[in-house]
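Q: Next come the chains, spelled out residue by residue.
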Amino acid sequence: MSEAIQTQEGALILDSHKLSYHTDRVDAWEAGEHIAPVSVDMSLTRACGAMCSFCYAMMQESQSRSSIKTASALHLLDDFSAIGIRSVSLVSDGESTLSKAYVPFIQHAAELGIDVGNATNAWEWEPEKIEQVLPHMTWIRFTVAAGTPESYASIMYKGPEHTEVFDRAIKHIKYAVDLKKRKGLSVTLGIQMVLMPHLKDEIIPFAQLGLDLGVDYAVIKHCSDDEQHTLGIDYSQYESLYGLLTQAEGMSNEQTKIIVKWDKIKDGDKPSYSRFYGPQFLLQISGSGLVAPSGMFFNARYSKLHIGNFTEDRFIDLWKSERYWRAMDYLSSPSFDAQTMMGTLPIQHYVSVALDNHAKSVERIRPGIGKKPLHVNFL
Amino acid sequence: MSNNLCYASIKTPTPEPAWCQLSNEARLVLVNNTISTNPAFQRNTLIAVEAKLDGQVIISLVEAVSADKRGALLLDLESFLKASIDQGLVVWLEPVGDRNSLRNLRGIEIEVKS
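These protein sequence lines are chains C and S, in that order. Remember, my numbering sits 1464 above the position in the first sequence when you count from 1. Remember, my numbering sits 148 above the position in the second sequence when you count from 1.
If you are wondering where the hints come from, they were derived from the structure by calculation, not from laboratory data. The reader is advised that the hints may include incorrect statements.
Stated by the list, open to error - A partial selection of chain S residues facing chain C, derived with a Cβ cut-off under 10 Å:
#1 A174
#2 T182
#3 N186
#4 K200
#5 D202
#6 V213
#7 A215
#8 A220
#9 F228
#10 L241
#11 V244
As the list claims (entries may be wrong) - Among chain C residues calculated to face chain S with C-beta under 10 Å, some are:
#12 M1522
#13 S1526
#14 S1528
#15 S1531
#16 Y1737
#17 L1754
#18 R1765
#19 Y1766
#20 N1773
#21 D1777
#22 I1780
#23 R1787
#24 Y1794
#25 P1798
#26 D1801
Think of the CB as a built atom: it goes at the ideal place given N, C-alpha and C, for glycine as much as any other residue.
Modelling step: build the complete structure from the supplied sequences, incorporating the hints.
A: Here you go:
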């Protein structure tokens, strides 16, 4: 796995995992205990005003969408705290900034001592909202599909003429960068490009935009696809982009690191593991309220792995339920083959590779030494 | 408690020749006839709509089943079909397409019969 990137604020790990700092959970898992996830990745809604061509949420529609009320979202956090979940990232399958629960959710998580991160397009992330949440956040990652306004609008919205969405996002990102400096906040601010092979001409402008904005990092990652290849990603084409990606990394300066998720880009569409252990440590919850082990299984197709809906049942009861552990056990059993039964490169990929290597004694997970990396509670 | 890490390197079973030699129609009849023998899976609740050569059995739920019930129902069904017909069978439900009207303008379609 890749090494940490040294930033002004500490070591940043984006292309690997941090299980070495949660060996208490690894040991308990190995002993067969029912462990609480270290981290939950979720959304407060399935709604989104963007229409990104790379969006995996297109493949994540379940039977029904429940509206997540603020009270349910806050109870969810109470349950996370009660069982020992250490962080929550608002990413998953919707644009959480659109939810009325967004601000109170983040503020309540901070009160409970749960670290919070958020990925957003920043279109509806206006100064008032930024002021309310930024002091409580560990990281914010802005989805920026390209470095030029026209390409950005083509990929994330209706067409190249709609550059107003780019202008709006950039204005809000700049506001956050300024606020962080003004208040000396510890939050990490980054932009992310989801690289589809045909977008190679956007790599260098994207890296330059990261430098111009003065964010802490600009990361370029692969595009996930489902096992039916709905998005039509040809993973063999990534290799032809290695030169451009290396060139982009070389543009890093003291303030802004340009980071390429090499491990995921090189791993392509076939994981090294057959069993899928990652969800026990990094659980995903849909903006529909659906609790399933991974976002890979939100679609109705994977209903056998659906555990429940936290707007209908308390999360702590779902976590304790037989069906939660039955779903997790299924993914750890010979009945499940991660190489053929789910989409490519899930959010639990790095963790799953490490846990599989641990289980096979290929490489045991050892306790981390020295200063903890940034965002240590986000696996 | 015991862990199940012992399965890390075990190969996932694939269908035996007896399943593979059947036609698509014959496989589907076999699956639905088998389902009908078990009162837990009444035909008016679920029905197999596709039974593929590679062991994938696609199920359609006749009535909606809540999120807290459908997981157990379908895992029970898969276990039953594995035990009754072939260890290589895998149950999936019919997929649902994206309901986001904006994203649908992209024209990307989710295969409803996979």
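Q: Now, for every hint given, state plainly whether the structure supports it.
A: So, going through the hints one by one against the coordinates:
1. A174: Violated. Min distance 24 Å.
2. T182: violated, 17 Å
3. N186: violated, 16 Å
4. K200: violated, 12 Å
5. D202: It holds, given that the least Cβ distance between D202/S and chain C is near 9 Å, below 10 Å.
6. V213: Given a least distance of 8 Å, the restraint on V213/S holds.
7. A215: With Cβ-Cβ at 4 Å, under 10 Å, it holds.
8. A220: holds, 5 Å
9. F228: Given a least distance of 12 Å, the restraint on F228/S is violated.
10. L241: holds, 4 Å
11. V244: Since chain C brings a Cβ to about 4 Å from V244/S, closer than 10 Å, the hint holds.
12. M1522: With a closest approach of 4 Å, the M1522/C hint holds.
13. S1526: holds, 7 Å
14. S1528: holds, 8 Å
15. S1531: violated, 14 Å
16. Y1737: holds, 8 Å
17. L1754: holds, 6 Å
18. R1765: The hint holds - R1765/C has a Cβ within 10 Å of chain S, the shortest such distance being about 4 Å.
19. Y1766: holds, 7 Å
20. N1773: holds, 4 Å
21. D1777: holds, 6 Å
22. I1780: violated, 14 Å
23. R1787: The hint holds - R1787/C has a Cβ within 10 Å of chain S, the shortest such distance being about 5 Å.
24. Y1794: Y1794/C check passes; min Cβ-Cβ to chain S is 7 Å, inside 10 Å.
25. P1798: holds, 4 Å
26. D1801: With a minimum Cβ separation of about 4 Å from chain S (threshold 10 Å), the hint on D1801/C holds.
Hint compliance for this structure: hints 1, 2, 3, 4, 9, 15 and 22 are not met, and every other hint is.
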